[in-house]
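Which chain is which? The protein sequence lines are A and B, in order.
Whatever position you read off the first sequence (first residue = 1), add 67 for this note's numbering.
Whatever position you read off the second sequence (first residue = 1), add 6 for this note's numbering.
Derived from the structure by calculation, the hints contain no laboratory data.
Hints should not be assumed to be uniformly reliable.
What the hints assert, rightly or not - Calculated Cβ distances over 10 Å to all of chain B for the following chain A residues: (1) V127; (2) H180; (3) G192; (4) T207; (5) K233.
As the list claims (entries may be wrong) - In the BS3-like style, the derived pairs of lysine-lysine whose C-alpha atoms are separated by at most 27 Å in a straight line are: (6) B:K22 <-> B:K99; (7) B:K62 <-> A:K140; (8) A:K72 <-> B:K22; (9) B:K28 <-> A:K140; (10) B:K62 <-> A:K217; (11) B:K28 <-> A:K217; (12) A:K233 <-> B:K22.
Positions of the beta carbon are idealized from the N, C-alpha and C atoms, including for glycine.
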Amino acid sequence: MFYVKHLEHEIVLEPIHFGPKLKSTLVRLLKEEVEGLALATYGYVVQVIDVPETDIKFGVIEYDTGDVVCTVKYVALLLRPFINEVLDATVSQCNQLGFFAFVGPLRIFVSKHSMPEDLLNGFDGEKDAWISDDKEIVITAGCGVRLKIKGRTVEQGNITAIGTIKDNYLGLIDDGSGDVGDDF
Amino acid sequence: MEALNTSNVEDAAELKFGEEFKDIDILSNAQVAVILQFSARSAVNRDEELHDVYRKTQKYVDRYNTLTNQEKNNQELVKELDNLQDALTTFRKETDAGEELELHGYEVAALMNLVATDTAVEEATSLIPSLSRFPEAAIDEILDLIRTTMIRIVS
Chain A
68 MFYVKHLEHE IVLEPIHFGP KLKSTLVRLL KEEVEGLALA TYGYVVQVID
118 VPETDIKFGV IEYDTGDVVC TVKYVALLLR PFINEVLDAT VSQCNQLGFF
168 AFVGPLRIFV SKHSMPEDLL NGFDGEKDAW ISDDKEIVIT AGCGVRLKIK
218 GRTVEQGNIT AIGTIKDNYL GLIDDGSGDV GDDF
Chain B
7 MEALNTSNVE DAAELKFGEE FKDIDILSNA QVAVILQFSA RSAVNRDEEL
57 HDVYRKTQKY VDRYNTLTNQ EKNNQELVKE LDNLQDALTT FRKETDAGEE
107 LELHGYEVAA LMNLVATDTA VEEATSLIPS LSRFPEAAID EILDLIRTTM
157 IRIVS
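Can you build the whole structure from these sequences, using the hints too?
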């Protein structure tokens, strides 16, 4: 889910940046360092919304380098999967173990064991799709699915979540062509 | 690597989000779409490149946003969304026990994201289990609020 939160970050300012444009340089450096990052507890930082001027604290000048470490408080727009939340996602890839779907930058894996019974034997290697027994539901790259988050891991700067489409009202939403399919 | 099983602390179905998420504002896809549209425009004006995470997020909210209309101007849209969020956040229901129930920020955002014009009470409580603490009539009222705003925005 998307949410807004106040966060803190330390920026190292080199002496070349001291001058009249200090604040805008600070904001620019902050955005470069933090936007797009996946924080373990808080999720993906989608955007830095605001840097209130009153919340910038300057540290001491370091002996060796002449740099100053500033602690900056900023307001960020974040994306993070919460356990048991229901999200819509776009399918990117199917394989015989399940399929991958994305919510923006967030990758979610739905294993075949988290699929309803009439879907779990339906992997079609040629079409790269999961097809239900009655051939009504076809899940393939580009489709929209509604899934529930069951778990989450953070590794190497990326967040991957585990999802399920087994419960009621979850599953295929549309086939990516703009037509609406059947809900489960 | 963070632990996979944090279900003892975090569970959206019971509105348990952990200590660090006490003072956050949860936003629906529609509101995020508006925010990203504004900043995309100003970034283009300053000739800045938008990073990957930003572009993917914008593509996502543009696709899964039921509360939008290309033909409406942004100000009208923002007003409708704000009004809806206000109506949902100030929605109050008194139970028989005399307690006052209100919607949690997470439920407001989830409702704005997942509800369609034909969503019934049963579907809403299945997708957002914490809603079951409200009586059915109250949930119907809530769905109605969203339905009317959605119809107003889309028409």
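For this structure, which hints from the list above don't hold up?
No hint contradicted; all consistent.
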